[in-house]
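> Please construct the entire structure, taking both the sequences and the accompanying hints into account.
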Amino acid sequence: MREPISRGARLALDLALTIRHDGDGGVADDLTDPAGLTAWVRAHPEVLPDTEGFTVDAARLAAVRELRAAARALFARAVRPGEPSPADAARLLPEAEALRRLNEAAARTPTVPVLHWPREAGPVVHQRPVHGADDLTATLAHAVIAFLASPDRDRLRACHAPRCVRYFLKEHPRQEWCKPSCGNRARVARHHQRHRASA
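Taking my numbering, the leading residue of the sequence shown gets 3, the next gets one more, and so forth.
No lab work stands behind these hints: they were computed from the structure. Bear in mind that the values here come from a model prediction, so they are computed numbers and not experimental data.
Heads up, simulated EDC-like pairs for lysine to aspartate or glutamate below, C-alpha to C-alpha not over 20 angstroms straight-line:
| id | residue 1 | residue 2 |
| --- | --- | --- |
| 1 | Lys181 | Asp156 |
| 2 | Lys172 | Asp16 |
| 3 | Lys181 | Asp24 |
| 4 | Lys172 | Asp156 |
| 5 | Lys181 | Glu85 |
| 6 | Lys181 | Asp16 |
| 7 | Lys172 | Glu85 |
| 8 | Lys181 | Asp26 |
The structure is reproduced here in structure tokens:
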């Protein structure tokens, strides 16, 4: 069993997972409006600073959606020679454009490491914006860059179960799907396909 991924890496993966199967054969986007991004940010208080009163405007939403498109394009590159997520296959950004967007977003707010060491836990380093200028997109871009540059990138896979569009980290050699329900759907689909072929 591998070590759990860092909080920043989890944040990068969670950003990509805001594109998901909607349960009805389509794709859902959790970031379609400012309220969706506001809810997503507030759900990550352990890795994003000052989330309690956080709200999003249309410009910040557009910037985060552009960053997510870049991250998913680079996730598709990371899973090669495997196929990218079906949600991305027909609309991937060119790699050079994805890299440009990611690096530009990361440069929006320079950060410095800040050490936190609570009495009941081990020391943790958080990246804080210089001069207190918080930029959500830059924070997310830093998390994506850290994840893509980490050894965890080699475990990244796209789930190819029917109707799934998620990326996941492979935890053990035989893992093929992001979660057990996807494995069940894939086995049922293969069973039906074999049954039709033999009929």
